[in-house]
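J.: Spelled out, the chains give:
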Amino acid sequence: MSTATQPASSLASTASGGSTDGSANPVARHPLDAHAPDVVRVLRDDGTLDPATDPGLRSDEVLTLYRAMVRARLLDERLVLLQRQGRIGFHIGCLGEEASILGSAFAMRENDWIFPCYREFAAALWRGMPLQRYVDNMFGNTNDPVKGRQMPDHYTWKRGKFGSVSSPIGTQITQAVGFAWAAKIRKEDLTALVYFGDGATSSNEFHNGMNFAGVFKTPVVFFCRNNGWAISVPTERQTASETFAQKGVAYGVPGVRCDGNDIFAVIKVTRDAVARAARGEGSTIIEALTYRLSGHSTSDDPKAYRPEAGVDPWRRLDPIPRLRRYIERTIGWTDAQDKELEAELDAELKAAIAVSEKTAAPSLESMFEDVFGEMPWHLQEQRDELLRGPRAKGHGH
Amino acid sequence: MPQMNMVQAINDALRHEMRRDSRVVVLGEDVGKVGGVFRVTQGLFDEFGDDRVIDTPLSEGGIIGTAIGMALYGLVPVPEIQFSDFIFPAYDQIVSELAKYRYRSGGEYPAKLVIRTPTGGGIRGGHYHSQSPEAQFIHVAGLKVVCPSNPADAKGLLLASIRDPDPVLFFEPKRIYRAAKGEVPEGDHTVPLGKASVVRKGQNVTIVVWGAMLYEALEAANQAAAQGIDCEVIDLRTLWPLDIETIITSVKKTGRVVVVHEAPKSCGLGGEIVALINEKAFLHLEAPPKRVTGFDTPFPYTLEMEYLPLSHRILPAIIETARY
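Listed in order, the protein sequences are those of chains Y and S. At position 313 of the first sequence the residue is numbered 313 (the numbering used here), and the sequence of numbers has no breaks. At position 158 of the second sequence the residue is numbered 158 (the numbering used here), and the sequence of numbers has no breaks.
Isolated chain Y, as found in the complex (with noise of 0.2 Å):
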């Protein structure tokens, strides 16, 4: 694995894969091969477009999608901020994984479903979940959908084609199979993109989906988000394997790595998969190579097990900077329009965030609604009985 091109940091790979910063934290062994041939690039260093793999944008298009990562990122850091101020409990983000969420949203068709893991809300809102039903969902209200019953970020939406979000790992792979293998049954052109990250490519759920993928021949994108960690656990140990991608390999999938914080590489190799999965090719896995920039979640300090210089070469490739810079030399963007977008933005939260606070929590009745159909006799008596008893005190309800 050439190693030539690498940034001069702590990131340095040995050809067999392993990577210390010599001191005892591990670093993530992230083979940012963004020079290596196998990994598809469309935006060049010089920030030109590789025509042999431009998938061709519209302006239009261009600057809706780099308005989408601007506000996925400024969500992202108000609602960390909201959690460190007590007032929602928990966020989990996708902080400089915007181009990887982002092109592969955009790349699939308007009938095609997508299936999260938890970190991808910039796809539910491009689906065209509206902003206050994902605050209500954060401050888990009697208008959050969910009914406060999940955590933050643990939103569904079936009416944009979007999965149900749970926790558990790998869980949407083999469902996502599923789905996409019913509308082939049932003969209807329909794939359906699973997200999720390197950590879950170690899942039972991970081999199960794709060998079924494999051998059934499902219309599937698997798109792996390798950002280099799974909570503290870096790639280098969570496979022997050198890429993600050439797992696909043991189950009949082809498999290609992108430059994931390049947004113009995610919608190429997307959108060809696509194009496989409705040829009736069947099944692709997608590697991005990208970066979690921050920690696992708001109950992660990122600090505990891996040095800051170890992020600072991802920091250079952040996929908001980078597209900025295009548009700049492209189609013209300034300063002024860069504060008036943040300034849009971040009323419209605000005024979402001001309307979930000032709404009330769940009901106690809905505490024992929709765990079936109807509901029986049991729950019943169980919700009367805490109806009738007294209420948890010091818990703002």
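Hints listed in this document are in silico derivations from the structure and should not be mistaken for laboratory results. Don't take each hint at face value.
Said to hold, decoys possible - Partial pick of chain S residues on the chain Y-facing surface, computed with a CB cut under 7 Å:
| id | residue |
| --- | --- |
| 1 | Asp51 |
| 2 | Leu72 |
| 3 | Ser96 |
| 4 | Arg102 |
| 5 | Tyr103 |
| 6 | Arg104 |
| 7 | Glu108 |
| 8 | Gly126 |
| 9 | His127 |
Said to hold, decoys possible - The calculated lysine-lysine pairs, modelled on DSSO-like cross-linking and capped at a C-alpha distance of 30 Å, are:
| id | chain 1 | residue 1 | chain 2 | residue 2 |
| --- | --- | --- | --- | --- |
| 10 | S | Lys33 | Y | Lys217 |
| 11 | S | Lys252 | S | Lys201 |
| 12 | S | Lys181 | S | Lys201 |
| 13 | S | Lys33 | Y | Lys187 |
| 14 | S | Lys265 | S | Lys201 |
| 15 | S | Lys181 | S | Lys280 |
Glycine included, each C-beta is placed from N, C-alpha and C at the ideal position.
Since chain Y is already given, all that's left is putting chain S on it; use the hints.
T.: Same frame as chain Y, but now just chain S:
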């Protein structure tokens, strides 16, 4: 009315529903070409093809996980787990996902499917072909659990399960797959979920039982009758949600109850039934409720008939309860 055994009745139910509803899909190991290791799905592959009767790779987690995905799409999957002992690789998908899908999505995704699986001992299956794991699913909110004891109920409950809006675990007592015979109504025959059946009316002792052990309970009841003890035998049919009304009505009449199940004693469904009886009919009890169950050991091979709560163990429990 045709006479069938339980295998034939379940086969009949599946065929009927697959003809009636094109969304129904059967999937599992060996269910297609060979018709299932117990031949329960025999003939379905020939009639419906490999798009609707699917031989899967050896992966219970994959079977149930993909079946959930199919259900989300709008098919009605009826996956088979070859032996309930092998359901555990799918436990995460069942417990973390299937059971919680409707609740966690505020009703947007009522993931509905029926998991069919042979259960129970008495076939010299040892640890890994004999278990009755119902309690491990009942204890998880969001799952319905069904266990028929006879062919007519097997067909009726399976059709009802497939049409029920909620996920159902359909445990088929393999010991009586062929031994249980009876008349099975033709055509559309359903038995409601959540309703037990009083198989034998009686005045003195209530026996609550299900599955293959129903016949052991009836045998014990016959022998008890010879000693002047008149038993009322309740076949639960649906293990969860419980038909508490039928149980309590009976216990209030008899004041004495014996619960019988193959599954190990501790934290078995019997414990829950006894707790509910205590809560709702305490003053009607004339004797402590008894449980006759499997032991808290893995299911043995050679000594299986000592392990199972057969009539020779049920009878003394009936007598003790009656004479307390």
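J.: Next, verify each hint and record whether it holds.
T.: Comparing the hints with the structure gives:
| no. | hint | verdict |
| --- | --- | --- |
| 1 | Asp51 | 5 Å, holds |
| 2 | Leu72 | 5 Å, holds |
| 3 | Ser96 | 5 Å, holds |
| 4 | Arg102 | 5 Å, holds |
| 5 | Tyr103 | 5 Å, holds |
| 6 | Arg104 | 5 Å, holds |
| 7 | Glu108 | 4 Å, holds |
| 8 | Gly126 | 25 Å, violated |
| 9 | His127 | 22 Å, violated |
| 10 | S/Lys33 to Y/Lys217 | 20 Å, holds |
| 11 | S/Lys252 to S/Lys201 | 14 Å, holds |
| 12 | S/Lys181 to S/Lys201 | 21 Å, holds |
| 13 | S/Lys33 to Y/Lys187 | 23 Å, holds |
| 14 | S/Lys265 to S/Lys201 | 26 Å, holds |
| 15 | S/Lys181 to S/Lys280 | 36 Å, violated |
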